[in-house]
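Chemist: Here the protein sequences line up with chains V and R, keeping their order.
Under our numbering, the first residue of the first sequence is numbered 719, with each subsequent residue one higher.
Under our numbering, the first residue of the second sequence is numbered 719, with each subsequent residue one higher.
I should point out that these hints are in silico values taken from the structure, not numbers from a laboratory.
Predicted, not measured: the structure shown is a model, and the values here were computed from it.
Among these hints, one or two may not hold up.
Identical copies look the same in the list; a pair holds intra-copy or inter-copy alike.
Said to hold, decoys possible - Straight-line alpha carbon distances no greater than 27 Å define the calculated DSS-like cross-link-like pairs of lysine-lysine that follow:
(1) Lys995 with Lys824
(2) Lys995 with Lys842
(3) Lys847 with Lys995
(4) Lys988 with Lys889
(5) Lys781 with Lys847
These are the residues of each chain, in order.
2 protein chains.
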Amino acid sequence: MLKQMLKRKPIPAPSMTRVKHSPLSPTAPASAGSPALQLFPLPFAAEVRPGDSLPAILLDAGKACGFTFAAGDILVVKHKIVSKAEGCIVRLADVTPSAATVRWAKANQLDPRTIGLALREAKKVLRRKHVLITETRHGFICANSGIDVSNMDGGEHALLLPPDPDRSATKLMRALQRTIGLHIPVIISDSFGRAWREGLTEVAIGVAGMKALHDYRGRRDPHGYLLRASEEAVADELACAAGLACGKLQRAPACVIRGFAYQRAPGSAKSLLRPAKRDLFR
Amino acid sequence: MLKQMLKRKPIPAPSMTRVKHSPLSPTAPASAGSPALQLFPLPFAAEVRPGDSLPAILLDAGKACGFTFAAGDILVVKHKIVSKAEGCIVRLADVTPSAATVRWAKANQLDPRTIGLALREAKKVLRRKHVLITETRHGFICANSGIDVSNMDGGEHALLLPPDPDRSATKLMRALQRTIGLHIPVIISDSFGRAWREGLTEVAIGVAGMKALHDYRGRRDPHGYLLRASEEAVADELACAAGLACGKLQRAPACVIRGFAYQRAPGSAKSLLRPAKRDLFR
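Next up, chain V with everything else stripped away, as it sits in the complex (with noise of 0.2 Å):
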């Protein structure tokens, strides 16, 4: 949360010669009248179901536009696609809301059964005003536990988020890996509200094959200080870019991200979640 601090060391300024792009260098390339970075949303024929192969739909997508994954690549994929594919789906008739949940929904104008049903997926419940924020059982805090009611046949079945989705990421990565031979990190959004600040914004719930956080701590910036505390959620920061790119209205739900100087690892999006007792908003 801290900004930038820095101190001042006497060493030479850097020359301003152009950086050479390396996707595993952590400096992104300079801009020469072409851009440093190109977004690919890959949109999809038909809906994703339960115990289709994502790898194959993905590439199939591709092929349809033209695309072709290069070395460098990073792909975001919205997690309705890894649930549906997952089968992640829960019959709403099938859930029970208790009494009392039944009358603060109505009294909210919130559906009784995806309020339960976000009561189930729930580790804690962080406020219950006009709106249900929880933690959910990874970690995750966001409105109804990431239920989503959306995309799904009008109601009748709910979307939940997938159990593991650092694993789903590392799935899919592995599955592209054998396919294309090529290491494409992975990254699975999902759109949550923000404490503060106004509008979904796309964050990133599953991570694989990259670094979901840069850190700058002991780095210098391009006047040669130091900067002591600056860890930046390049994770979040690709789910938006991606978000831009595939859009709301369109059967484009996953992205391919071009030019980004990833920092290569396992990687988990649980490095993005605050504990608990670091945290002063919850």
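Chain V is already provided as a structure; the job is to place chain R on it using the hints.
Modeler: Frame of chain V, contents of chain R only:
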């Protein structure tokens, strides 16, 4: 904060023909092997100084790397270059923190003068634990009132947020319009910490020429369901995408985003601020 909630309506499924891209339409282009979104960082040759003309520096930076603005482009600039050009700089030797502030800052290994200045710039203190979280005069909630001693001269001076970032963005947009004859929305960004999640992400603190929030309520998703509660903080997501393209360790404090279908409007980052009475986490 609500997840999307949908009501089924029996309308025909949308066709999968590709949407033609227009910067005034809220739908983003589908990929056809070409990127939907491209980001061009603009490296600066020299440090910005008080009184400098940002429009001139930006156009020079573009020229130096062979970049030309096109219709539909969005410009994202880091707040530090705006604050520097506007002279929002305070000599830390001129700050006299109270004895209590000095004690607290030292106990938390923070610089007492920076904390004294942060308190001076704050409308309200939200938390004062191992870190100081305030609401700034503008209404932003962040660490140390957004005061920055990085990218300055090693702790002698601190950079404040611009007093009216929306106005700064509007001025920059109008100057670009006069010079190049194009409507280029401008976003001024800063990196803020967040509740619940680790790592900084870029957020929009000033917006001109486009809506900061895209409202999808009342629109239909690809399955024909009515989106009931979905607002996307696109200005924050654009700031995040730009942050990835600019990098932390180079002199690229500005970035152009090409291909995002923004909604033209006067614009303001204030629409991103949740009013205190609707916020459950402060």
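Chemist: Please go over all the hints and tell whether each is borne out by the structure.
Modeler: Right, here's what the structure says about each hint:
1. Within a single copy, Lys995 and Lys824 get their C-alpha atoms only as close as 34 Å, which misses the 27 Å cut-off; across copies the closest is 22 Å, which meets it.
2. Taking the shortest Cα distances, Lys995 and Lys842 sit within 27 Å of each other both inside one copy (15 Å) and across copies (23 Å).
3. Proximity of Lys847 and Lys995 under a CA criterion of 27 Å is satisfied in both settings, with 23 Å inside one chain copy and 12 Å between copies.
4. For a Cα distance limit of 27 Å, the shortest separation of Lys988 from Lys889 inside one copy, 17 Å, qualifies, whereas the shortest one across copies, 41 Å, does not.
5. When the C-alpha separation of Lys781 and Lys847 is checked against a cutoff of 27 Å, the pair qualifies neither within a copy, at 47 Å, nor between copies, at 53 Å.
The structure is inconsistent with hint 5 alone, although it conforms to all the rest.
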